[in-house]
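Enquirer: Following the hints, put chain B in place on chain A, whose structure we already have.
Heads up: the sequence lines are chains A and B, in that order. Position 45 of the first sequence, counting from 1, maps to 45 under full-length UniProt numbering, and the rest follow consecutively. Position 104 of the second sequence, counting from 1, maps to 104 under full-length UniProt numbering, and the rest follow consecutively.
Source of the hints: derived by calculation from the structure; they are not laboratory data. Ideal placement from N, C-alpha and C gives every residue a C-beta, glycine not left out. Where hints are given, some of them may not hold.
As the list claims (entries may be wrong) - What follows is a list of derived Cβ distance ranges for each label pair:
{"no.": "1", "chain 1": "A", "residue 1": "K182", "chain 2": "B", "residue 2": "E13", "range": "55 to 63 Å"}
{"no.": "2", "chain 1": "B", "residue 1": "S72", "chain 2": "A", "residue 2": "T288", "range": "18 to 26 Å"}
{"no.": "3", "chain 1": "B", "residue 1": "N291", "chain 2": "A", "residue 2": "H118", "range": "38 to 46 Å"}
Said to hold, decoys possible - Once the Cα atoms are required to be at most 25 Å apart in a straight line, the calculated SDA-like pairs of lysine to any residue come out as:
{"no.": "4", "chain 1": "A", "residue 1": "K290", "chain 2": "B", "residue 2": "E306"}
{"no.": "5", "chain 1": "A", "residue 1": "K311", "chain 2": "B", "residue 2": "D209"}
{"no.": "6", "chain 1": "A", "residue 1": "K75", "chain 2": "B", "residue 2": "K75"}
{"no.": "7", "chain 1": "A", "residue 1": "K174", "chain 2": "A", "residue 2": "G112"}
{"no.": "8", "chain 1": "A", "residue 1": "K311", "chain 2": "B", "residue 2": "K75"}
{"no.": "9", "chain 1": "A", "residue 1": "K174", "chain 2": "A", "residue 2": "E4"}
{"no.": "10", "chain 1": "A", "residue 1": "K82", "chain 2": "B", "residue 2": "S299"}
{"no.": "11", "chain 1": "B", "residue 1": "K174", "chain 2": "B", "residue 2": "D209"}
{"no.": "12", "chain 1": "A", "residue 1": "K75", "chain 2": "B", "residue 2": "D303"}
{"no.": "13", "chain 1": "B", "residue 1": "K82", "chain 2": "A", "residue 2": "T282"}
{"no.": "14", "chain 1": "A", "residue 1": "K116", "chain 2": "B", "residue 2": "D302"}
{"no.": "15", "chain 1": "B", "residue 1": "K311", "chain 2": "A", "residue 2": "G26"}
{"no.": "16", "chain 1": "A", "residue 1": "K75", "chain 2": "B", "residue 2": "R295"}
{"no.": "17", "chain 1": "B", "residue 1": "K116", "chain 2": "A", "residue 2": "A292"}
{"no.": "18", "chain 1": "A", "residue 1": "K51", "chain 2": "B", "residue 2": "D52"}
{"no.": "19", "chain 1": "B", "residue 1": "K290", "chain 2": "A", "residue 2": "K51"}
{"no.": "20", "chain 1": "B", "residue 1": "K323", "chain 2": "A", "residue 2": "G103"}
{"no.": "21", "chain 1": "B", "residue 1": "K51", "chain 2": "B", "residue 2": "E306"}
{"no.": "22", "chain 1": "B", "residue 1": "K51", "chain 2": "A", "residue 2": "Y308"}
{"no.": "23", "chain 1": "B", "residue 1": "K75", "chain 2": "A", "residue 2": "G278"}
{"no.": "24", "chain 1": "A", "residue 1": "K130", "chain 2": "B", "residue 2": "D196"}
Number of protein chains: 2
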Amino acid sequence: MALEYKLLYESKECNARLGEIHTPHGVIETPIFMPVGTKATVKTMTPDELKDLEAQIILSNTYHLYLRPGHSLVKEAGGLHKFMNWDRPILTDSGGFQVFSLGKMRKITEEGVVFKSHIDGSEHFISPEKAVEIQNCLGSDIMMAFDECTPYPATYEYAKQSMERTTRWAKRCKEAHKNTDKQALFGIVQGSMYKDLRLESLRQLVELDLPGYALGGLSVGEPAEIMKEVLDYMVHEMPRNKPRYLMGVGSPDYIFEAVERGIDMADCVMPTRMARNGAFMTSKGRITIKNAVHRNDFSPIDDECECYCCKNYSRAYLRHLFKENEILGARLATIHNLFFLINLMKNIRISIREERFLEFKNDFYQKYGYKK
Amino acid sequence: MALEYKLLYESKECNARLGEIHTPHGVIETPIFMPVGTKATVKTMTPDELKDLEAQIILSNTYHLYLRPGHSLVKEAGGLHKFMNWDRPILTDSGGFQVFSLGKMRKITEEGVVFKSHIDGSEHFISPEKAVEIQNCLGSDIMMAFDECTPYPATYEYAKQSMERTTRWAKRCKEAHKNTDKQALFGIVQGSMYKDLRLESLRQLVELDLPGYALGGLSVGEPAEIMKEVLDYMVHEMPRNKPRYLMGVGSPDYIFEAVERGIDMADCVMPTRMARNGAFMTSKGRITIKNAVHRNDFSPIDDECECYCCKNYSRAYLRHLFKENEILGARLATIHNLFFLINLMKNIRISIREERFLEFKNDFYQKYGYKK
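Bound conformation, chain A alone (with noise of 0.2 Å):
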């Protein structure tokens, strides 16, 4: 087995969790925070910074990668880990997701997706067989099910037959994963905002028995109201069993949301790509460091925070930085956002052994500037 999860402790103030994922690659402590690492570099950084923030796995997009530089240099470079130089659990996406929002012109039949690639134009056919070889040249940890992710908002029909197809490709790459010691292959619940869909979808998906299970086709635009709303009648009736992945969602709030719910892991792009704006999350909510207030201000960005950005550097020098578009800003910025949700997530799973989840939501969302 690629993959084994420990359930380690269950709040009794809420459905939080904590647990370890074993894979060949480290253990992974949840609930996790995941960096995305799209074109296998998470931008910016080196692996060894990773390191020293405790990232413990990374996201890599299937999409990006069999588009350039190609799943099978990376494989005679010796599977992902190797050619990007981290040697801790890498998770990659399936490239349903990219193939629907990146992808053009593309073309779904039962066979799987026909698409023209964001780069260059070019014609790609993608079906779950296609997605899992690509994976298995990456040699990612945990891969991801080829889904279709079903747009938002989308009708009851559509979004049921889009959720049954998701299942036989799921079937589909269960078979043609061949692996199965190396590398764990997760399954992706869909049904748009349908409950009874959802749930369906998950009941379908379990009888696979796969070693994982995502929530897919959230965070694409709906309001947060209803993905809160998802979270509250899914997550819980997720296996218990397993590792509960939610898809693309990383901000502080989120994150809170969905781990009171069960949710183990989570990845997003946004505090990397914020980062890169000059946009930094601290204590007490954003700091847009462009901000001429920012000026002559020679205190750190967040005076509370232990990253290498904070000790060494003042909100003067870093707005030069970002005026000037220097390399160094964005480094900086992109060490400070991901300390602060790893860190986050980890004060995150203190609180929970410490039965104290709840307080810690709510003092956050105070400090931050949240509505509880």
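Expert: Positioned in the frame of chain A, the structure of chain B alone reads:
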């Protein structure tokens, strides 16, 4: 005294020499290569990484910092060292070269230079006194006198007037400089490619008894042979008991040629700029990483190199990063090129001490593909 030069050893086979420059922020071993941090950051690098590379001193640009973020802000921050988190020596140029190369619609009078900012076209005036004031605010260990960087080619008459003005300006810089216990002011020898003007410039500046002297107005477009000729007759004429600095030169061959003639300090943006364009300096010559030949080459850039880039990443991965414009590519290339030059200078120092500098130079030229 802000600066002390100790001559440690003079080669028996050429004019190369070993020394130490003692500054308020530490000791520099000479001959030394100085990475350039134009806008208070050596592009892509943290100060800690520069220390890992054993960078002993960096250069920063008065012209750029004067325009943005402004020298007053840097002073308010506690000086350039504190602003950018670098506690080793800093040399700042005078802005002279940039006013002439970057500024627009300049007007030179005896008083100083009126120019328009290359950023927003705003009009500015820099005099020798102003250049000193700015550098006093920056707090660099070594500051440069404001000079007129004579363009190439220049008529004898123009070069003579320009050189004499540079002397008068150096005198005014010395008079304006009030922070002599913490900052050392170097003079800049001009005179274009005319031997008598160069020697006269040096003679006049030596009368001012400044703590160090630089050769300016070289590497401004003149043929390589002419530059070598100037070095030939100039360097050994410069005071033996003071540091000799060749401005703006940093290709491996010119480092060898300059050191052989007695130069102690050199700086250049070339290694870092090349790096950001994907050009790597190696013991066997230059590598352009985007070339298709590196697509599936899983060997390091330079298998003799001990830098972080070469010990951990393949050409195939670096090519991928550059093809995708990933910041990590620019970072790794910068680390490599700076390591290459800093390490080259370290080995040059060892070879001088062991009286095998010329042999080392010849071997290097042969491997690198230079003509001797």
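Enquirer: Does each hint fit the structure? Answer for all of them.
Expert: Hint check results:
1. Range check, K182 (chain A) to E13 (chain B): Cβ separation about 60 Å, and the 55 to 63 Å hint holds.
2. A C-beta distance of roughly 24 Å is found between S72 (chain B) and T288 (chain A), which places it inside the suggested range of 18 to 26 Å.
3. For N291 (chain B) paired with H118 (chain A), a C-beta distance near 25 Å fails the hint of 38 to 46 Å.
4. Taken as a hint, the K290 (chain A) and E306 (chain B) pair is broken in the structure, with Cα atoms around 38 Å apart against an allowance of 25 Å.
5. At most 25 Å may separate the alpha-carbon atoms for a hinted pair to count; K311 (chain A) and D209 (chain B) exceed this at roughly 42 Å.
6. Under the criterion of a C-alpha separation no larger than 25 Å, the hint pairing K75 (chain A) with K75 (chain B) is inconsistent with the structure, at around 53 Å.
7. A threshold of 25 Å between alpha carbons decides the hint, and for K174 (chain A) with G112 (chain A) the separation of about 15 Å falls inside it, so the pair holds.
8. Between K311 (chain A) and K75 (chain B) the CA atoms are separated by roughly 20 Å; this keeps the pair inside 25 Å, and the hint holds.
9. Under the criterion of a C-alpha separation no larger than 25 Å, the hint pairing K174 (chain A) with E4 (chain A) is consistent with the structure, at around 17 Å.
10. Pair hint K82 (chain A) plus S299 (chain B) holds up; C-alpha atoms about 12 Å apart against a cutoff of 25 Å.
11. For the suggested pair K174 (chain B) and D209 (chain B), the alpha carbons sit about 10 Å apart, so the restraint of at most 25 Å is met.
12. For the suggested pair K75 (chain A) and D303 (chain B), the alpha carbons sit about 22 Å apart, so the restraint of at most 25 Å is met.
13. Between K82 (chain B) and T282 (chain A) the CA atoms are separated by roughly 23 Å; this keeps the pair inside 25 Å, and the hint holds.
14. Restraint check: the Cα-Cα separation between K116 (chain A) and D302 (chain B) comes to about 38 Å, which exceeds 25 Å; the hinted pair is violated.
15. Distance restraint check for K311 (chain B) and G26 (chain A): the Cα-Cα separation of roughly 23 Å lies within the 25 Å cut-off, and the hinted pair is therefore satisfied.
16. Our distance criterion of 25 Å between C-alpha atoms is met by K75 (chain A) and R295 (chain B), whose separation comes to about 13 Å.
17. Only pairs whose Cα atoms come within 25 Å are accepted, and K116 (chain B) paired with A292 (chain A) is accepted, the gap being roughly 24 Å.
18. Distance check on the hinted pair: K51 (chain A) and D52 (chain B) sit about 18 Å apart at the alpha-carbon level, within 25 Å; holds.
19. With a C-alpha separation of about 29 Å, the suggested pair K290 (chain B) and K51 (chain A) falls outside the 25 Å cut-off, and the hint is violated.
20. Distance hint between K323 (chain B) and G103 (chain A) is fulfilled; the C-alpha atoms sit about 20 Å from each other, no more than 25 Å.
21. For the given pair, K51 (chain B) sits about 15 Å from E306 (chain B) by alpha-carbon distance, which is consistent with the 25 Å threshold.
22. For the hint linking K51 (chain B) to Y308 (chain A), the alpha-carbon distance of about 16 Å falls within 25 Å, and the restraint holds.
23. Annotation: proposed proximity of K75 (chain B) to G278 (chain A) holds, straight-line Cα distance about 24 Å (limit 25 Å).
24. Of the supplied pair hints, the one linking K130 (chain A) and D196 (chain B) is violated, its CA atoms being roughly 75 Å apart against a limit of 25 Å.
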